Each structure stands twice: as structure tokens, then as C-alpha cells.
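Asks: Okay, here's what each chain looks like letter by letter:
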Amino acid sequence: MTIKFEAQQEIAPNAEATLDNVRHPQYGRFLEEYVPGQVFVHPRGYTFTQAQIDNFSRTFMQCNPLHLDLEYAKVHGFDGIPASSQMVFNVILSLGVQNDSEKVIANLGYYDAQFLAPVYAGDTIRAMTKVIDRKERGADKPGIATIRTLGVNQNDKVVLQYERKLMVAYRGDRLPTTPLPKGESPEFPWQDDASVALPNGLAIALRNVPASVTGWNTYAEDFSAGDIVVHNNGRTITEEHFALTYQVGNTHPLHYDQVFSQSLSGKMSGNPIVYGGLVFAWLEGLASRDITENTVWELGFTEGYHTQPAIAGDTVSSLSRILKVEDAPAELSDVASIITIQFIGVKNLTAAAALEKHGTDLFIKENNKKALGKEKITDKIFEIERRLIIKKRQA
Amino acid sequence: MTIKFEAQQEIAPNAEATLDNVRHPQYGRFLEEYVPGQVFVHPRGYTFTQAQIDNFSRTFMQCNPLHLDLEYAKVHGFDGIPASSQMVFNVILSLGVQNDSEKVIANLGYYDAQFLAPVYAGDTIRAMTKVIDRKERGADKPGIATIRTLGVNQNDKVVLQYERKLMVAYRGDRLPTTPLPKGESPEFPWQDDASVALPNGLAIALRNVPASVTGWNTYAEDFSAGDIVVHNNGRTITEEHFALTYQVGNTHPLHYDQVFSQSLSGKMSGNPIVYGGLVFAWLEGLASRDITENTVWELGFTEGYHTQPAIAGDTVSSLSRILKVEDAPAELSDVASIITIQFIGVKNLTAAAALEKHGTDLFIKENNKKALGKEKITDKIFEIERRLIIKKRQA
Amino acid sequence: MTIKFEAQQEIAPNAEATLDNVRHPQYGRFLEEYVPGQVFVHPRGYTFTQAQIDNFSRTFMQCNPLHLDLEYAKVHGFDGIPASSQMVFNVILSLGVQNDSEKVIANLGYYDAQFLAPVYAGDTIRAMTKVIDRKERGADKPGIATIRTLGVNQNDKVVLQYERKLMVAYRGDRLPTTPLPKGESPEFPWQDDASVALPNGLAIALRNVPASVTGWNTYAEDFSAGDIVVHNNGRTITEEHFALTYQVGNTHPLHYDQVFSQSLSGKMSGNPIVYGGLVFAWLEGLASRDITENTVWELGFTEGYHTQPAIAGDTVSSLSRILKVEDAPAELSDVASIITIQFIGVKNLTAAAALEKHGTDLFIKENNKKALGKEKITDKIFEIERRLIIKKRQA
Chain F
24 MTIKFEAQQE
34 IAPNAEATLD
44 NVRHPQYGRF
54 LEEYVPGQVF
64 VHPRGYTFTQ
74 AQIDNFSRTF
84 MQCNPLHLDL
94 EYAKVHGFDG
104 IPASSQMVFN
114 VILSLGVQND
124 SEKVIANLGY
134 YDAQFLAPVY
144 AGDTIRAMTK
154 VIDRKERGAD
164 KPGIATIRTL
174 GVNQNDKVVL
184 QYERKLMVAY
194 RGDRLPTTPL
204 PKGESPEFPW
214 QDDASVALPN
224 GLAIALRNVP
234 ASVTGWNTYA
244 EDFSAGDIVV
254 HNNGRTITEE
264 HFALTYQVGN
274 THPLHYDQVF
284 SQSLSGKMSG
294 NPIVYGGLVF
304 AWLEGLASRD
314 ITENTVWELG
324 FTEGYHTQPA
334 IAGDTVSSLS
344 RILKVEDAPA
354 ELSDVASIIT
364 IQFIGVKNLT
374 AAAALEKHGT
384 DLFIKENNKK
394 ALGKEKITDK
404 IFEIERRLII
414 KKRQA
Chain W
24 MTIKFEAQQE
34 IAPNAEATLD
44 NVRHPQYGRF
54 LEEYVPGQVF
64 VHPRGYTFTQ
74 AQIDNFSRTF
84 MQCNPLHLDL
94 EYAKVHGFDG
104 IPASSQMVFN
114 VILSLGVQND
124 SEKVIANLGY
134 YDAQFLAPVY
144 AGDTIRAMTK
154 VIDRKERGAD
164 KPGIATIRTL
174 GVNQNDKVVL
184 QYERKLMVAY
194 RGDRLPTTPL
204 PKGESPEFPW
214 QDDASVALPN
224 GLAIALRNVP
234 ASVTGWNTYA
244 EDFSAGDIVV
254 HNNGRTITEE
264 HFALTYQVGN
274 THPLHYDQVF
284 SQSLSGKMSG
294 NPIVYGGLVF
304 AWLEGLASRD
314 ITENTVWELG
324 FTEGYHTQPA
334 IAGDTVSSLS
344 RILKVEDAPA
354 ELSDVASIIT
364 IQFIGVKNLT
374 AAAALEKHGT
384 DLFIKENNKK
394 ALGKEKITDK
404 IFEIERRLII
414 KKRQA
Chain B
24 MTIKFEAQQE
34 IAPNAEATLD
44 NVRHPQYGRF
54 LEEYVPGQVF
64 VHPRGYTFTQ
74 AQIDNFSRTF
84 MQCNPLHLDL
94 EYAKVHGFDG
104 IPASSQMVFN
114 VILSLGVQND
124 SEKVIANLGY
134 YDAQFLAPVY
144 AGDTIRAMTK
154 VIDRKERGAD
164 KPGIATIRTL
174 GVNQNDKVVL
184 QYERKLMVAY
194 RGDRLPTTPL
204 PKGESPEFPW
214 QDDASVALPN
224 GLAIALRNVP
234 ASVTGWNTYA
244 EDFSAGDIVV
254 HNNGRTITEE
264 HFALTYQVGN
274 THPLHYDQVF
284 SQSLSGKMSG
294 NPIVYGGLVF
304 AWLEGLASRD
314 ITENTVWELG
324 FTEGYHTQPA
334 IAGDTVSSLS
344 RILKVEDAPA
354 ELSDVASIIT
364 IQFIGVKNLT
374 AAAALEKHGT
384 DLFIKENNKK
394 ALGKEKITDK
404 IFEIERRLII
414 KKRQA
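Protein chains in written order, with my numbering: chain F, 24 to 418; chain W, 24 to 418; chain B, 24 to 418.
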């Protein structure tokens, strides 16, 4: 279709500006705007490209070859290199920010995250959120919203679902944000008793994986409940995080707008804060060659808390504590185990120094410290429980 | 073809160096080297990859799903995700820098830019420039060169053409730069009365676009002449801009070579200046969810001026003023409007604060300020008029 | 394969942590752990993507259109855009870091690097290393290990092989690092008298390359032994290098972990050091439009030394000295020459200023300075000899 348009002529100098119709579009929601039961379909979708999948893995220092080496992925029965669970989580959470959390004061926690199907290059993921609960604490005080978010691919398959709690400001006299479209709420396909779609050939493939390019000491048999694995290297986060925030689709100005950050008061004021999903991804990458290199699927995680913010210049490191090792179910039972790991992030000291300084207190949830008469650990930036399917060693 | 080469042997220690044949290749041109009528074919072509298209959109915070979501692009009749107009402009301008402007003191303005066909992954774009005019102002004073540049794809289709004015130093006694190859000037396929090649199915597609992933309040009907839209978020530019300059192919050391920047005097001295095309792209991205989210084509822009430089650490924000809303021609008339927008960039204050501080003076061209007895606004970094095809809301 | 897993339950608060089983996985090797004759297969492979190939070329300012322009690559008989030699070298060296050099104090030199086949998007490269020699200098003194590394593609074709010398710390009483798997050493397919696999159509293609997008003054005939070419632009390296280290797969914390860097003493302490392979790549990119723009193959390099480290904020520039120009062998003889170049990098002054300041001393190897009674040049950061196949000008 070829169309001729009139040549563009300059207009502005002859069109006097007035301030009669000024508008300031606002996104996110204030506390009163979270209505339990309401469902948001988030703007924009995210087409995963081979480039973004690969770039995410390398930026966040992933060492599991499943996300780096096509030949390895194919030998394990995957259709191509799957996006890492960290990438899938970052993108789906970010797609929701414009509606869910662009007015949010703090992300309080991640719960019950479940990865339900692989995401490959070419897949387009869209996200939706349902408001589960809203707790007010009086006018002008921030309250707590509980939401569930899920991501679906172009074939309407749910690939990830999770719950989070948000601390949200009371709107009070401020102008309302951009309202939702009117009409019926769309269906929200959260699965209460979800199954995971793994590659068909995975169990057979795991019996026949040839001598390989992973370490020989990160198989399921190498881990026992009670083990603590100290991950040696740290990563100094640079201002790269400003751009990475938008790379995964997160629109919150707290992460890239210095003028906004300086307008805040309290813990979040000053320099842009690193988006928590990125912090989690770096911590995981730093741990990956010690602990998740032979992982074939991340089932999910829960009780995830960013206990301190990170900014550009901070160096982050991580530790893993093995909580449970059990056989995988069904046809995976003799080729893989399910391993549950408590995963801890610290900043600006090595993981070894953190363990020496704080001992086993590192593994007590910060929210439980007060009840136990313990001090909070300000070196600690993150805590979560992860559950993974890890290969057994084959003869 | 398998060839055996002799083994490499070290040579240098036995080959004494002399200074008899030293050369310093120079690129760009000085004022006297711009000859009206002359045509340059620029070195190198640029193969657009899906990765670069996607990465550009995400780096510059694009919110129009046409550039992010493959399913959305296909539903609109596009063959794949098209490169954003900002990317096409940045690449074609940059391809010309080595010849056109690597010796240039300042880019004075962009005029009459017209996007004539989509660019997709796999397309290879090459650029050429014709010198239109040269204004000297006496020996040793910089003069003004007017040039036209266009980008053609591998099928010889012009995808973008525009004019710019450059402030160029007088060569005087300095050595001439790398000369052009001898021989006839190539043909320069500038189109005076250009048509735009849009996807064949676009008009029908726009009648049938399903409930979608754009905001519901950024359709053509939501804009009227006189509206001012203040874009809420800013973006702090980091030193990432050094690398981004070369990502789009721009070779001017002003943007990435601190030693060069410190050798300069005046406004451009000190830290590397952000390449203006990148500034425009960020400003546009920040505006996109408020104003261009439902755009299906950018027709072009004119009267574009970078009125202040930006450096790493600066935070940029933008405002849009609607100048004109008219029906699109031909088969697009009932599904889309042509909207002309005056687009303004500011730095180191929010767009809202800039509007409060400067009022409607923000919308007076800086070059006209003196004649009107107005002060220039140093908070303002950019001004341009853009013309876009934006979807009408379908029942 | 669809599997139902039990819902994840929080475990940590009821599983008291103990310090009974703490481990600190360590990688790399200490001097005693290098055993001549031993072969390591390095963990992980690296699947080259079109995106990474393109991104590397643009990040490091490559101007040879072979790595930027698909139409140009195809006209020259290549199957697609080949990865630049710099990228192939960076990736293969990096794949070896976890075993070879993550405990290394310094990389002493590169020798006898030979590029033996193109690497394209979709190729997966794995690397292996053989220990050639180990020189001890007494307990607690660092010694020197000589290793050979090679990269093979998914069809078992060697694409690059090279030798390097490493300065390695004596292990002494420290804990041993992660041991190698037991069992027979794998075969190590180093080729002593290697042939290069070039595209079949290359010789014919070079006779018929149409008017093109390279400069007209960088053909083989434009270079003579004794020429010195001063490359005009520098590149200020930013903290981008932290992330680029892992983009190419290098795991050494010296390059991205500020806490680690600050724990060191001596020349390497303080800010993270730029991984030398990246420095080489930037220097080469800065030279490329003056000297390697019409290169069709890099045969290899030898005697490469990083004579000073670079950190974020440093600006690097380069110079080339032509050492030898000879006809290419076999069917390439009338279409291309083999050109050997001494290639020098400097920091924080222009290449022109370095030549003015140091004259021909710039071209004396730093290791030879003492014997010649010369001072070392601390402005100089890199020296190497490169050997390239460069097109002759066709009528």
C-alpha cells in the first residue's frame, strides 16, 4: 500500500501555546485503587528473542550451559535454548509494573512462584494481575496490597505464576491515576494445583547425556541437607542497571531517573535503586557454577525478600544452604532430585566474610529477627527459598 | 578452500622502525571540502538484526508494542517487528558521520525527514549524501553546510531521507582529509514528492485489531490541537552512551573519546557529549506510552534542534504539544489520523517543573527568542515537530 | 511431559542452620596444579548468535564491513556474517579461564595464535587446554605455566589455537582447588602444520567484488613495509567492561568484583582491571578503518603482551607499523596480500602524541628495553604482531 502524504510544513511558530489543556498521565495505582477481585491485563507484550535470552544469561553470569550452549540444550530434549527462570520472572514482573507497582513504595515479598513451561525465542509473553487483598492502615498511611500475576504465551499457556505483597501509598487528595478500561474483568487463569510442562524427551535424555561441559561435582548426589555453599565471586553492579531495568520492561522511575530518586525521602532517596529482580538474577548467576549448573528446571521459589536496597557501586555475593534433597517424581525419579535451597545475598563484603561475621544468623529471616531478639543484618540484601530439579550423576 | 600458510615468525625486533613514512588518516571534511552537487557513498552498510531492533527499542524505553511484540506487529499487517523510526534515523545519520560530519563542530538542525518504508531484521541499509549548499563566513570562521542524506535498502528502496545543516570549521592551513574516490558522482535518488510504502494489510488490519495491549487512552480521538502532555518519567543517561554511539555506527570521537573532548575548548569541551540522535531517541521513548503507543507510522519530522548538549549524568525528560489533528488520507481515513506534535526535551528537572518554570515560552523556538525579546531557556535541550499516523479507536 | 509436583512449603525457619558442612568451591589452579601433559576440557560451551557477533563488532568499533554488512559478507563468499577474529579469540580464551587462569596473577603473553576456520551464528564452540610447561622459582614465589588452548566447533573442527604463558601463584599451604575429573586425558587436537579453511568462493569473489562500501585507500597496495599508521580516535573505556567480561564468558573476578580488587596488593589492586582481550579488541577496532577494513582473514598473531593494565576511565588508542607485505599463496596470489603488522596500544594520550613523545622507541618490545638500556614506556599498554590477508585493488 503506497500512500502520498502532503509535505510537512512547520506549524508551531504560528500556533500560540496555551496552558488550557495540560495533562500529566500517571501510571500505577494508589492504595484505594487496588480493588480485590479486579483483574488488570498489562500493556505491551514481550517477544523473547534468542538475543535477549542469551544476553540475559551472560549479563547475569549464568553458568548453567542449558542457557548458553545450544548443543547441550538439544541433547537434554529442549527445543532450543530456554530463557532462564530469572529472565522469565524479571520480564513478567516488569510487564506488570506500569499497572501494578509504578506507585509502589516497596516490594514486600515474593511467594509461591511456579515456573510451568519453558519460554523459547519467538514466544510472546503477556501478563495479567489479580488483586487478592488490600490492607489499609488509616488515611495517609501506606497499606499493603496482595496481588497475583501470571504470564501467558501466544498459545495461552501459563508459563509463570506468583504472588507478591506491595507497600502502597494512600492516595488521599492526590489525583487518581489512569483508570482501567470499563467492562467485564477478563478471566484470570491462575492454576491452583499446577502441573509443569517439561520437554518430552527429558527423562530419556538424562539417562543418555554424554560426557559433558558441566562441573563433575554439582550433581544431585553432591548436595545434602545442611550443606552451606559459599559462592566465591562477587559482582560490582554498575550504572548498567539503569538500562537493564527497561531491557526487561520495568517502567518504575526509581531505577533510572536520578531527578525522581533525589525527590524522595528516606531509604530510597539519592541514587537510583537497582530493580530487585536484577539483584536476584546476579546473585543466582554468581551461585550457578557451584550449585545450579546441572539444574534442568527451576520449579519455583517462595518467601523472597529484598531486605536492603542496592545501588550502582555495590558489590553483591551469595550463599546457598541446602534445606532438602528428595527424589524427583514419576519418570524423573532415578535421574534427578528435587533440591530446596535457602539462598542469601549480601553486599560489599565477600560471602565468606559475611558467614564469618554473622554465622548462622545469616539464615534467619530478617522479619523473624525481632521476635527472636536478634539484630537485623544490614549486610544482607536478599533471602529466598528456591526449589530446583537437579540431575543425578549417570554411570 | 583449504590453504596452508607458512608459520608466523616474529619480525619486529629485526626491523628497525623509522619515522620516514608516518601517516595520520583523517575523516570527515572541512568547509572547503564540501562541494555543492557532490555525492558521497558512505563506507559500510548496516545489517539490521532482530537483536539490534529489539535492543534499540528497549534501551530507549519504547512503549509502542509494534516494536516489542511480534504478535502485535503481525496483527497490524507488518512482516515482522519493524525497526523504530528513531533507530532508522540514528543508523542512517551515523553511517554518514565518517564522511559528512566527523569534522563538524555542531549539528545545527534536522529538516524534512521522511520515513518512506519499513526496515525489518535482515535488511541491509547503506547511506549516501549530497551537498546542497555551503555558506562561508570568511577564512578561519566556521561556515554552514547543507546536506541531504538518504538510506537505501538492499533492494534499492529509499527508506529515509532528510536534510541537515552543519557548522563546519574552515580548513585553512590544516592538511586535507581523506579524499573521495575519483570518477563520476553516483546517482542520488532523493524523492521530491515521496510516497510511503505501508504494509498492504494495514487499513484492513486496523479495522480488526482485537482487544489489545496498548493503553485505551492514547488513540487519535484522545488528542486535540492545543493539548499539552507532560511526560512524567525522566531518564538519567549514563556512560552507556559511549558504546551506544558506535552501536548505531557513529564514528565521531566527541561522543566516546575523553582525551579528544578534553582537547576542545568551549561548550563541547570536558566530558563526551551524548550523540544527539540518542538524546532524541530517549526523549521519544519517555513520551511513547503517553502519546505514540498507538502510532502505526511516523511520517517524519522537521525543524529539529539540539539547543543544549547532554552528558553522562544528565537526566532528560520531555513534553508534547499537539499542533494539528487531521484525518489520514485514502483508505486510512476512517481508521487513523495524522497528528502533528511539537516535541520538547529538557534536562535535570522534571517536565512538570520545566512547564511550571517556563510556561508557554518552552514552546517558542530558541532561534526565535532573540527576535521576540525573550531569554533562551538553558533547561531546554531539544525541540522538533513530528508528524505521526495514530490509530482511531475501533468500536 | 507434564508432571505435578507437590506445592512448595517454607522450610528454613524449622531447619536450624549449622556450620558443620560449609564449603567454598574454588576454580582455576595454583602452580603445583599445572601438570605438563595434562588436558582440561573447559566447562560450558558458547553458542555464537548473530546478535553476539554483531554486538561484539559494534561494541569494539569494528569497521570491516565483513562483520557488519550481510550483503558484503555474502558477496565475498562467506555463508553469513562471520564472527570477528577478536571475538573468536576472546570467547575461546574466556572459556578456559575457569580452569586455566582464574587463579592467575598475570597473563604474560600470547603466542602463535592461528585462526583456522570461520565461526558463524549457530556454531557452538567448546575449548580445551593442554599444559605444556611449568617453571617453578621456589616455594611461595609465583612461577610460569605455558599452556596451549584450542576451540573446536560442533563438527569437531578446530577454529583457533594459541599458546600463552601465565604467571601463577605457588599454592603452598592453601587448599587445593576443584580437582579435575579422574580418568584418561582426552585427545588434544592441536595442529602443528595447520591449514586454514577459507570460503570456497573467496578467490573468485575477490576478482568480482563490485564498487563497495570500504574506503578506497586501505587495499594491500596502500601499505609498504616501514609505514607507520597513526590511528586518530581513542576510546574511553567505561565500567561497561565489567559486564563485557562475562559476555565473552570470562569468570575471573579481577575484572568485575570491586571487593576482590580491593583485597589485592600491588599493580592490580584498586579498581577492576579491564580483561586484556577486550583491550586488544578496542585497539583493533580503532585501527580498523585505517588498516584492516579490506581484510578478508586474520591469519593470527604472536608475541602479544599487555604491558600495562587499563581500568574504567582510561582512554586507549593505537598505532600500526607495517612489517612485511607479501603475495598471498595459491589461488589468492593475485587478489590478496599477506601483511604483517606490529600493533601498539597506548593510554590516556593520543596515538599521535605518543609517537611524538616516544618516537621509534614505541616499537621496541618492552621486555627488550632493559637489555638495550632503554626505559620502559608506561604510556604503552599493548604490543603484538598480527598477520592478515588483505584484498588487492581490482581494476
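Hint data in this document are derived by calculation from the structure and do not stem from the laboratory. Quick caveat, the model's predicted, so the values are computed rather than measured. A few of these clues could be false.
Treat identical chains as interchangeable: a pair holds within one or across any two.
[To be verified] No more than 30 Å apart at the CA atoms, straight line, and that leaves these computed lysine-lysine pairs for DSSO-like:
no.	residue 1	residue 2
1	K27	K188
2	K180	K97
3	K27	K388
4	K97	K388
5	K380	K290
6	K388	K205
7	K205	K380
8	K27	K158
9	K27	K153
10	K126	K388
11	K388	K188
12	K415	K205
13	K347	K126
14	K415	K158
15	K347	K27
16	K380	K158
17	K399	K27
18	K180	K399
19	K158	K392
20	K164	K399
21	K180	K290
Asks: Does each hint fit the structure? Answer for all of them.
Replies: Taking the hints in turn, this is what the structure says about them:
1. Taking the shortest Cα distances, K27 and K188 sit within 30 Å of each other only across copies (26 Å), while inside one copy they are farther apart (53 Å).
2. Taking the shortest Cα distances, K180 and K97 sit within 30 Å of each other both inside one copy (22 Å) and across copies (20 Å).
3. For the identical chains of this complex, K27 and K388 are inter-copy neighbours only, at 29 Å across copies versus 65 Å inside a copy, given an alpha-carbon limit of 30 Å.
4. Proximity of K97 and K388 under a CA criterion of 30 Å is satisfied in neither setting, with 39 Å inside one chain copy and 48 Å between copies.
5. In this assembly of identical chains, the alpha carbons of K380 and K290 lie at most 30 Å apart whether taken from the same copy (24 Å) or from different copies (29 Å).
6. When the C-alpha separation of K388 and K205 is checked against a cutoff of 30 Å, the pair qualifies neither within a copy, at 42 Å, nor between copies, at 41 Å.
7. In this assembly of identical chains, K205 and K380 lie within 30 Å of each other by CA distance neither inside one copy nor across copies; the values are 55 Å within and 36 Å between.
8. In this assembly of identical chains, K27 and K158 lie within 30 Å of each other by CA distance neither inside one copy nor across copies; the values are 57 Å within and 33 Å between.
9. Proximity of K27 to K153 under the C-alpha cut-off of 30 Å is restricted to the inter-copy arrangement: shortest distance 24 Å between copies versus 46 Å within a copy.
10. Taking the closest pair of Cα atoms, K126 and K388 come within 30 Å of each other only inside a single copy of the chain (27 Å); across copies the shortest separation is 35 Å, beyond that limit.
11. Taking the shortest alpha-carbon separations for K388 and K188, only the intra-copy value of 16 Å comes in at or below 30 Å, while the best inter-copy value is 47 Å.
12. Proximity of K415 and K205 under a CA criterion of 30 Å is satisfied inter-copy only: 18 Å between copies versus 52 Å inside one chain copy.
13. For the identical chains of this complex, K347 and K126 are neighbours neither inside a copy (38 Å) nor across copies (33 Å), given an alpha-carbon limit of 30 Å.
14. In this assembly of identical chains, the alpha carbons of K415 and K158 never lie at most 30 Å apart, being 45 Å within a copy and 40 Å across copies at closest.
15. Within a single copy, K347 and K27 get their C-alpha atoms only as close as 68 Å, which misses the 30 Å cut-off; across copies the closest is 18 Å, which meets it.
16. For the homomeric pair K380 and K158, neither the shortest alpha-carbon distance inside one copy (37 Å) nor that between copies (39 Å) is at most 30 Å.
17. For a Cα distance limit of 30 Å, the shortest separation of K399 from K27 qualifies neither inside one copy, at 67 Å, nor across copies, at 38 Å.
18. When the C-alpha separation of K180 and K399 is checked against a cutoff of 30 Å, the pair qualifies neither within a copy, at 41 Å, nor between copies, at 56 Å.
19. With identical chains, the CA atoms of K158 and K392 are at most 30 Å apart within one copy only, with a shortest distance of 23 Å there and 54 Å across copies.
20. In this assembly of identical chains, K164 and K399 lie within 30 Å of each other by CA distance solely inside one copy; the values are 24 Å within and 43 Å between copies.
21. For the homomeric pair K180 and K290, neither the shortest alpha-carbon distance inside one copy (39 Å) nor that between copies (54 Å) is at most 30 Å.
Checked against the numbered hints listed earlier, the structure breaks hints 4, 6, 7, 8, 13, 14, 16, 17, 18 and 21; every other hint is satisfied.
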